[in-house]
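Listed here are the chains, written in short residue letters.
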Amino acid sequence: MIDKTVMDAASAVAGIPDGATVMIGGFGRAGQPVELIDALITQGATDLVIVNNNAGNGDTGLAALLAAGRVRKIVCSFPRQSDSWVFDDLYRSGRIELELVPQGNLAERIRAAGAGIGAFFSPTGVGTSLADGKENRIIDGREYVLEYPIKADYALISALRGDRWGNLVYRETARNFGPIMATAAAITVVQVDEIVPVGSLDPETVVTPGIFVDRVVAVGSRSWLRDGEFVGGVDLEGRPVDAGVPA
Amino acid sequence: MIDKTVMDAASAVAGIPDGATVMIGGFGRAGQPVELIDALITQGATDLVIVNNNAGNGDTGLAALLAAGRVRKIVCSFPRQSDSWVFDDLYRSGRIELELVPQGNLAERIRAAGAGIGAFFSPTGVGTSLADGKENRIIDGREYVLEYPIKADYALISALRGDRWGNLVYRETARNFGPIMATAAAITVVQVDEIVPVGSLDPETVVTPGIFVDRVVAVGSRSWLRDGEFVGGVDLEGRPVDAGVPA
Amino acid sequence: MTRISREQLAARIAADIPEGSYVNLGIGAPTLVADFLPDGREVILHTENGMLGMGAAPGAGDVDPDLINAGKQAVTALPGAAYFHHADSFGMMRGGHLDVCVLGAFQVSQAGDLANWSTGAPDAIPAVGGAMDLAIGAKQVFVMTDLLTRSGESKLVASCTYPLTGVGCVTRVYTDHAVFDVSADGFAVRETFGATVEELERLTGLTFNAGR
Amino acid sequence: MTRISREQLAARIAADIPEGSYVNLGIGAPTLVADFLPDGREVILHTENGMLGMGAAPGAGDVDPDLINAGKQAVTALPGAAYFHHADSFGMMRGGHLDVCVLGAFQVSQAGDLANWSTGAPDAIPAVGGAMDLAIGAKQVFVMTDLLTRSGESKLVASCTYPLTGVGCVTRVYTDHAVFDVSADGFAVRETFGATVEELERLTGLTFNAGR
Numbered sequence: 008m009i010d011k012t013v014m015d016a017a018s019a020v021a022g023i024p025d026g027a028t029v030m031i032g033g034f035g036r037a038g039q040p041v042e043l044i045d046a047l048i049t050q051g052a053t054d055l056v057i058v059n060n061n062a063g064n065g066d067t068g069l070a071a072l073l074a075a076g077r078v079r080k081i082v083c084s085f086p087r088q089s090d091s092w093v094f095d096d097l098y099r100s101g102r103i104e105l106e107l108v109p110q111g112n113l114a115e116r117i118r119a120a121g122a123g124i125g126a127f128f129s130p131t132g133v134g135t136s137l138a139d140g141k142e143n144r145i146i147d148g149r150e151y152v153l154e155y156p157i158k159a160d161y162a163l164i165s166a167l168r169g170d171r172w173g174n175l176v177y178r179e180t181a182r183n184f185g186p187i188m189a190t191a192a193a194i195t196v197v198q199v200d201e202i203v204p205v206g207s208l209d210p211e212t213v214v215t216p217g218i219f220v221d222r223v224v225a226v227g228s229r230s231w232l233r234d235g236e237f238v239g240g241v242d243l244e245g246r247p248v249d250a251g252v253p254a
Numbered sequence: 008m009i010d011k012t013v014m015d016a017a018s019a020v021a022g023i024p025d026g027a028t029v030m031i032g033g034f035g036r037a038g039q040p041v042e043l044i045d046a047l048i049t050q051g052a053t054d055l056v057i058v059n060n061n062a063g064n065g066d067t068g069l070a071a072l073l074a075a076g077r078v079r080k081i082v083c084s085f086p087r088q089s090d091s092w093v094f095d096d097l098y099r100s101g102r103i104e105l106e107l108v109p110q111g112n113l114a115e116r117i118r119a120a121g122a123g124i125g126a127f128f129s130p131t132g133v134g135t136s137l138a139d140g141k142e143n144r145i146i147d148g149r150e151y152v153l154e155y156p157i158k159a160d161y162a163l164i165s166a167l168r169g170d171r172w173g174n175l176v177y178r179e180t181a182r183n184f185g186p187i188m189a190t191a192a193a194i195t196v197v198q199v200d201e202i203v204p205v206g207s208l209d210p211e212t213v214v215t216p217g218i219f220v221d222r223v224v225a226v227g228s229r230s231w232l233r234d235g236e237f238v239g240g241v242d243l244e245g246r247p248v249d250a251g252v253p254a
Numbered sequence: 095m096t097r098i099s100r101e102q103l104a105a106r107i108a109a110d111i112p113e114g115s116y117v118n119l120g121i122g123a124p125t126l127v128a129d130f131l132p133d134g135r136e137v138i139l140h141t142e143n144g145m146l147g148m149g150a151a152p153g154a155g156d157v158d159p160d161l162i163n164a165g166k167q168a169v170t171a172l173p174g175a176a177y178f179h180h181a182d183s184f185g186m187m188r189g190g191h192l193d194v195c196v197l198g199a200f201q202v203s204q205a206g207d208l209a210n211w212s213t214g215a216p217d218a219i220p221a222v223g224g225a226m227d228l229a230i231g232a233k234q235v236f237v238m239t240d241l242l243t244r245s246g247e248s249k250l251v252a253s254c255t256y257p258l259t260g261v262g263c264v265t266r267v268y269t270d271h272a273v274f275d276v277s278a279d280g281f282a283v284r285e286t287f288g289a290t291v292e293e294l295e296r297l298t299g300l301t302f303n304a305g306r
Numbered sequence: 095m096t097r098i099s100r101e102q103l104a105a106r107i108a109a110d111i112p113e114g115s116y117v118n119l120g121i122g123a124p125t126l127v128a129d130f131l132p133d134g135r136e137v138i139l140h141t142e143n144g145m146l147g148m149g150a151a152p153g154a155g156d157v158d159p160d161l162i163n164a165g166k167q168a169v170t171a172l173p174g175a176a177y178f179h180h181a182d183s184f185g186m187m188r189g190g191h192l193d194v195c196v197l198g199a200f201q202v203s204q205a206g207d208l209a210n211w212s213t214g215a216p217d218a219i220p221a222v223g224g225a226m227d228l229a230i231g232a233k234q235v236f237v238m239t240d241l242l243t244r245s246g247e248s249k250l251v252a253s254c255t256y257p258l259t260g261v262g263c264v265t266r267v268y269t270d271h272a273v274f275d276v277s278a279d280g281f282a283v284r285e286t287f288g289a290t291v292e293e294l295e296r297l298t299g300l301t302f303n304a305g306r
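Protein chains in written order, with this note's numbering: chain A, 8 to 254; chain B, 8 to 254; chain C, 95 to 306; chain D, 95 to 306.
These are calculated hints, taken from the structure and not from any lab test.
Do not take every clue at face value.
Which residues of chain A face chain D? A partial, calculated answer using Cβ under 10 Å [to be verified]:
id, residue
1, E142
2, I145
3, S207
In silico DSS-like pairs for lysine-lysine, Cα to Cα no more than 25 Å straight-line [unchecked claim]:
id, chain 1, residue 1, chain 2, residue 2
4, B, K141, B, K158
5, B, K80, B, K158
6, A, K158, A, K141
7, D, K233, A, K141
8, A, K141, A, K80
9, B, K80, C, K233
10, B, K141, B, K80
11, A, K80, A, K158
12, B, K80, A, K141
Bear in mind the structure is a predicted one, so any value in this text is a computation, not a measurement.
We put the beta carbon where it would ideally sit given N, CA and C, even for glycine.
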């Protein structure tokens with residue numbers, strides 16, 4: 008019997024080596040697999056290259072991983088946020104490397120890795136400093152820049168529900184990078200609110216088929232939904248609700 | 008109020024000019040928008056370039072469009088089928104042009120058109136006659152061939168249900184090319200079994216968001232489901248059930 | 095000289111967005127435009143983090159951490175909404191399917207170049223997000239901005255000195271003083287909120303067409 | 095000389111597919127392999143027209159025209175199945191996510207080149223479908239074929255004379271006479287169904303490693 012479920016978050020992140028490239032899902036806090044990241048901090052892997060849209064929020068999740076000094080380099084589109092003080096400090100003091108990628112190129116490069124595309128010509132970033140040194144080509148009268156896949160050793164993502172085959176459904180805009188990161192990593196690790204029996208997810212609505220998934224762990228409601236209360240997120244203005252004390 | 012629904016199949020295919028490139032959804036018969044194709048035959052447009060995975064089955068749908076002499080060229084991956092006698096005859100007598108594309112390159116080229124990708128390097132077809140004359144490149148030790156987008160003036164596709172915004176859900180493997188063709192055509196025309204009120208499709212399960220859709224027409228159950236009976240399809244061996252007399 | 099408020103400007107932009115449009119409103123001031131779309135006019139808002147059919151902000155008690163916009167603010171979903179992943183969302187943008195996006199700007203050049211993601215300051219933390227994808231992807235790129243910076247420099251320029259977001263991508267610039275079209279021979283004044291073309295030229299140091 | 099039947103060959107291939115594998119069975123004979131997967135062994139079948147978790151053929155009265163395999167035959171969906179569109183399906187293949195595909199062949203060369211889509215006959219109607227994507231995409235490409243054509247020619251060849259499907263892509267060839275691995279220095283006999291290596295060499299005109 009296929010069973011990709013694992014007992015706890017520690018088992019889920021077991022084996023991630025120092026120096027690994029790790030994709031971490033989420034857009035800001037939505038979809039960020041905080042429990043997996045916490046387990047990764049405990050697990051101890053360091054010198055990591057992290058791929059995420061952002062560079063951590065507040066002091067939890069990805070921000071805590073950065074604060075623990077485990078990240079050598081981050082590949083992202085938008086590190087600067089109202090609550091990215093951990094990254095800001097590391098970056099300003101030269102203790103972290105940044106590869107800034109326009110968000111759509113980031114997404115498409117991740118998808119390309121998962122879909123076996125060797126490289127693709129994107130119109131995004133043409134003529135800007137983020138295309139410096141990249142190959143350009145005019146196709147059908149329009150200028151494009153050549154972009155290469157981004158693949159990873161591991162992906163850590165968050166979904167709403169999964170089954171033991173690894174089929175996943177997501178919730179609202181927390182879907183964001185999960186489905187594409189799942190395709191682009193050698194080993195994809197997923198935290199879900201709930202594991203459901205095989206056959207209970209409608210085949211028409213499965214967003215990530217289990218073929219892309221290696222380990223699934225149920226974590227219950229995520230941290231910022233604890234006890235049905237919204238904690239650790241942002242308010243209507245995008246400011247952190249329980250920001251804590253900046254590092 | 009946004010209302011993309013149109014009264015009948017004739018209104019749905021109105022305006023398709025002679026010489027147009029028209030994508031037609033479906034894999035064999037599954038997902039083939041037969042009612043729209045019938046309306047296109049009546050509408051009269053000719054000298055068409057058709058993009059479809061196949062080249063018609065039996066004497067209905069795409070096969071009937073071919074038989075009516077309206078198609079100058081077909082772009083597809085698998086024209087030869089047990090019931091492709093209409094195409095076979097046209098091809099052997101030199102009355103139709105064929106561009107044969109490996110199925111995955113066909114799908115990815117259609118997606119690329121919809122996603123604004125200028126071109127992409129594919130490993131599929133490398134070293135084969137279908138890559139003859141195409142640009143090759145070795146990336147990260149593997150050989151790729153450069154493939155360009157396929158876009159269309161119109162796409163005619165079939166879905167299960169749609170709303171007046173054009174949001175669509177599909178049924179089983181009839182989904183096939185519909186979602187990507189919808190993105191790649193200037194005007195996307197959809198036949199659905201049923202039009203449902205806006206808000207009745209779960210936002211988590213919408214496969215084609217309405218942004219890609221221009222016209223929606225309800226046709227009721229499709230031809231080969233007429234009166235709940237399976238007609239015009241293939242049997243367990245893939246042979247046509249009501250093949251009729253070969254042309 | 096007459097200037098309009100940020101809210102008036104948002105209303106002015108909203109008036110130019112026809113029913114049935116698919117629209118992305120950038121982070122910051124452009125978000126205001128949503129509040130001025132007339133009741134009953136169906137305009138479908140896209141947020142690049144993965145939704146079409148975005149609705150207004152929820153009540154403070156109804157914030158859902160999984161349902162946010164590109165600025166990471168809480169939003170709602172309208173009936174008819176759809177969720178999708180990032181590659182699909184940016185494919186939608188890059189593929190030219192959005193009718194309009196409204197973006198902020200540091201500078202817009204006469205050629206329609208946009209600079210809105212970096213001032214190039216050496217100690218600044220760079221962050222681009224989806225700005226470059228929006229700039230090159232939408233059928234029409236509207237810029238919403240004050241005409242002048244706080245220190246009185248024109249944001250309309252002969253050529254951008256800040257790092258570019260996109261080349262030749264801006265369709266129209268809505269400012270607190272006037273609305274400008276980007277035309278083949280520079281900015282054309284489309285509408286002013288009281289200022290004369292001569293006054294606008296003095297403020298910006300540019301030469302304008304009088305517009306239509 | 096001992097040969098095994100097509101059903102025996104399908105069973106032999108099925109025995110080599112471990113639980114948990116994601117497998118695509120090509121049109122024609124390879125489809126038979128599904129019938130010989132042991133009860134209780136969970137192997138997830140992919141059909142490139144857009145499904146994982148494909149089940150067996152339905153009863154004749156339960157044919158569903160929307161639910162077919164790549165050979166356009168009626169199939170069923172298992173609990174745990176998922177549907178997806180063609181770009182996603184072929185991304186899955188091209189991206190190397192399938193563990194095994196089983197394909198038919200006209201010819202397989204010592205270098206692992208596969209020819210299975212065209213005999214190059216001038217009056218033939220060419221049709222390639224997903225064969226080229228499967229050939230380059232799956233982690234292991236198994237070929238299922240008779241060793242000899244009806245006219246007695248070897249399908250294992252020094253180099254293919256028919257149009258190629260893929261270059262250096264075949265992992266292993268299961269024939270009615272023997273199983274061959276494609277190795278760095280040509281075919282290695284992995285297992286025979288009675289024939290000696292010498293007999294196989296005589297039939298094919300090739301020189302083999304004795305294999306493991």
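For each hint, the structure was consulted:
1. E142: violated, 22 Å
2. I145: violated, 25 Å
3. S207: holds, 8 Å
4. B:K141 with B:K158: holds, 19 Å
5. B:K80 with B:K158: Holds. K80 (chain B) to K158 (chain B) sits at ~15 Å (cutoff 25 Å).
6. A:K158 with A:K141: Holds. K158 (chain A) to K141 (chain A) sits at ~19 Å (cutoff 25 Å).
7. D:K233 with A:K141: violated, 31 Å
8. A:K141 with A:K80: holds, 20 Å
9. B:K80 with C:K233: Violated, at roughly 31 Å.
10. B:K141 with B:K80: holds, 20 Å
11. A:K80 with A:K158: Answer holds: K80 (chain A) to K158 (chain A) is near 15 Å, not above 25 Å.
12. B:K80 with A:K141: Violated, because 37 Å separates the two Cα atoms, which is more than 25 Å.
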